[in-house]
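Keeping their order, the protein sequence lines are chains D and F. According to the working numbering, the residues represented by the first sequence are 1 to 445, in order. According to the working numbering, the residues represented by the second sequence are 1 to 91, in order.
Hints may contain errors.
[Unchecked claim] Here are the simulated DMTMM-like pairs of lysine to aspartate or glutamate, each with C-alpha atoms no more than 25 Å apart in a straight line:
#  : chain 1 : residue 1 : chain 2 : residue 2
1  : D       : LYS202    : D       : ASP174
2  : D       : LYS64     : D       : ASP349
3  : F       : LYS13     : D       : GLU49
4  : D       : LYS202    : F       : ASP79
5  : D       : LYS380    : D       : GLU282
6  : D       : LYS202    : D       : ASP349
7  : F       : LYS4      : D       : GLU48
8  : F       : LYS52     : D       : GLU34
9  : D       : LYS311    : F       : GLU81
10 : D       : LYS64     : D       : ASP285
11 : D       : LYS314    : F       : ASP70
12 : D       : LYS311    : F       : ASP49
13 : D       : LYS314    : F       : GLU81
14 : D       : LYS284    : D       : GLU391
15 : D       : LYS33     : F       : ASP49
Simulated from the structure, these hints should not be mistaken for laboratory data. As the structure is a prediction and not an experimental result, all values here were calculated from the model.
Listed below are the residues making up each chain.
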Amino acid sequence: MTQALEAPIAVPAQSFIPKLGQAGGHFSHLGCKECGAQYEAKAIHVCEECFGPLEVKYDYDSLKQTVTRESIQAGPNSIWRYRDFLPVTSKDPIDVGTGMTPLLKTGRLARRLGLKELYIKNDAVNMPTLSFKDRVVSVALTRAKELGFDTVSCASTGNLANSTAALAAHANLDCCVFIPSDLEAGKVLGTLIYGPTVMSVKGNYDQVNRLCSEVANTHGWGFVNINLRPYYSEGSKTLGYEVAEQLGWKLPDHIVAPLASGSLFTKIYKGFQEFIKTGLVEAKDVRCSGAQALGCSPIYEAFKEGRDFIKPVKPKTIAKSIAIGNPADGIYAVEQARNTNGHIEAVTDEEIIEGMKLLAETEGIFTETAGGTTIAVLKKLAEQGKINPDETTVAYITGNGLKTQEAVQSRAGEPLTIDPKLDSFERAWERAQTLERLEWQQASV
Amino acid sequence: MAVKVLIPTPLQKFTNDQAEIQCEGATITELIESLEAACPGIKARLCDDSGKLRRFLNVYVDSEDIRFLDNMDTKLGDDAEVSIVPAVAGG
Numbered sequence: 001m002t003q004a005l006e007a008p009i010a011v012p013a014q015s016f017i018p019k020l021g022q023a024g025g026h027f028s029h030l031g032c033k034e035c036g037a038q039y040e041a042k043a044i045h046v047c048e049e050c051f052g053p054l055e056v057k058y059d060y061d062s063l064k065q066t067v068t069r070e071s072i073q074a075g076p077n078s079i080w081r082y083r084d085f086l087p088v089t090s091k092d093p094i095d096v097g098t099g100m101t102p103l104l105k106t107g108r109l110a111r112r113l114g115l116k117e118l119y120i121k122n123d124a125v126n127m128p129t130l131s132f133k134d135r136v137v138s139v140a141l142t143r144a145k146e147l148g149f150d151t152v153s154c155a156s157t158g159n160l161a162n163s164t165a166a167l168a169a170h171a172n173l174d175c176c177v178f179i180p181s182d183l184e185a186g187k188v189l190g191t192l193i194y195g196p197t198v199m200s201v202k203g204n205y206d207q208v209n210r211l212c213s214e215v216a217n218t219h220g221w222g223f224v225n226i227n228l229r230p231y232y233s234e235g236s237k238t239l240g241y242e243v244a245e246q247l248g249w250k251l252p253d254h255i256v257a258p259l260a261s262g263s264l265f266t267k268i269y270k271g272f273q274e275f276i277k278t279g280l281v282e283a284k285d286v287r288c289s290g291a292q293a294l295g296c297s298p299i300y301e302a303f304k305e306g307r308d309f310i311k312p313v314k315p316k317t318i319a320k321s322i323a324i325g326n327p328a329d330g331i332y333a334v335e336q337a338r339n340t341n342g343h344i345e346a347v348t349d350e351e352i353i354e355g356m357k358l359l360a361e362t363e364g365i366f367t368e369t370a371g372g373t374t375i376a377v378l379k380k381l382a383e384q385g386k387i388n389p390d391e392t393t394v395a396y397i398t399g400n401g402l403k404t405q406e407a408v409q410s411r412a413g414e415p416l417t418i419d420p421k422l423d424s425f426e427r428a429w430e431r432a433q434t435l436e437r438l439e440w441q442q443a444s445v
Numbered sequence: 001m002a003v004k005v006l007i008p009t010p011l012q013k014f015t016n017d018q019a020e021i022q023c024e025g026a027t028i029t030e031l032i033e034s035l036e037a038a039c040p041g042i043k044a045r046l047c048d049d050s051g052k053l054r055r056f057l058n059v060y061v062d063s064e065d066i067r068f069l070d071n072m073d074t075k076l077g078d079d080a081e082v083s084i085v086p087a088v089a090g091g
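Construct the entire structure; sequences and hints are all you get.
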């Protein structure tokens, strides 16, 4: 593995004046979300002045003149139909069909929750690795290649490692990923199979993240969630664009999404705002509600207590993919929920499992624990009257249940084992009709 | 007492591009003063005008976040390792 061809260089804010097209495409530079300092669009992620996060800046007047609904619809059936809104210059981005996942109008789940217009944005079937992370990694690795990196890396709770490894393989990039050592087996195997170097770190995700930041200081690698973070996080905006397009170029009234670092939540909203700014949809106030697991709920705690800072916690929950105790964008998520008249709720591990089962049994979608968290919070908000039944509500399902089988393994029942004889089936069927499922599991056929 | 400090890339211009330096201090507060003496200007980047650590900055002592310890009063033992890490997105 060699170092990047072009070393990342930050241009000091005082001497950098961005120009349209300087970075290529419709983005021009990076800006600090806190103090507004401006930087060249290189592989940097924090402001040198105040350590605030850097964000990609675009020329919306130029976008408005260029992009139409028709031009988007004429694009590929993937996130790259929104290429003009993404921070890449390449005409040939990494496109393996990521995005354009189903927006399912629910029937049984909506009725169960007393809602009239409930949709599921189903990234449990996003390609290629069955989570929303394929969106952000497609953008990050495309940008990594543009910046001259030949080795990419990440700190991951599982889904990001899957996606980084898979897309690095496709893009012919060397890859080394870091994961906590207690990850679900499906997520470990679902990374190893693509042939990266996998570092299993004896610690939680926040410790993995710290280690990776230290590695990033000394290795010239493109860490998708560290020095490529400004580009990476922009990929989540496509979850906003797609919902707007799939609703017939309209924004929903209310969204419910999981909260880990808080980045996804804020970028979905940024996507909505960009479509308004460029005239692709009519302006509307979208309420944004977030979901956390009680075993790792620093954003929920800050929201509940009216704080403007996050107190880190040590995660203890089955929802490992959202178990970030020190969420970098947490405070922005809190502000967004407050400013949009939304809510942030948290649920127990038991409720998360029930949420997974509820979605599976009513809509035929097997989501992972993060999705179970979202559904459990959706249910809680509906029961508390915090979602208006008439609102067009979209719940974001961001990962696939086959990756976190451990969470529900003992809760989904067992198959009924029978002999290959008709009478064995008949006896089993009769008993299945009369016995409670749990009793049946203990009985022999 | 010698303390090893890991410096993030955005601050390495204050340390002659060194990712790791040795400093003195019995607590984080003392360490920051010691860092400032060795690398003038670095304190203003680490702390805001009121002297508090900036909110997007994390400081770890021997791999533990100081917010789980005694914050700026966290004691530094012999051969402690202090890591300064900007917040990063998740995972």
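- [ ] Any hints from earlier that this structure breaks? Give me their numbers in increasing order, please.
- [x] 2 and 5
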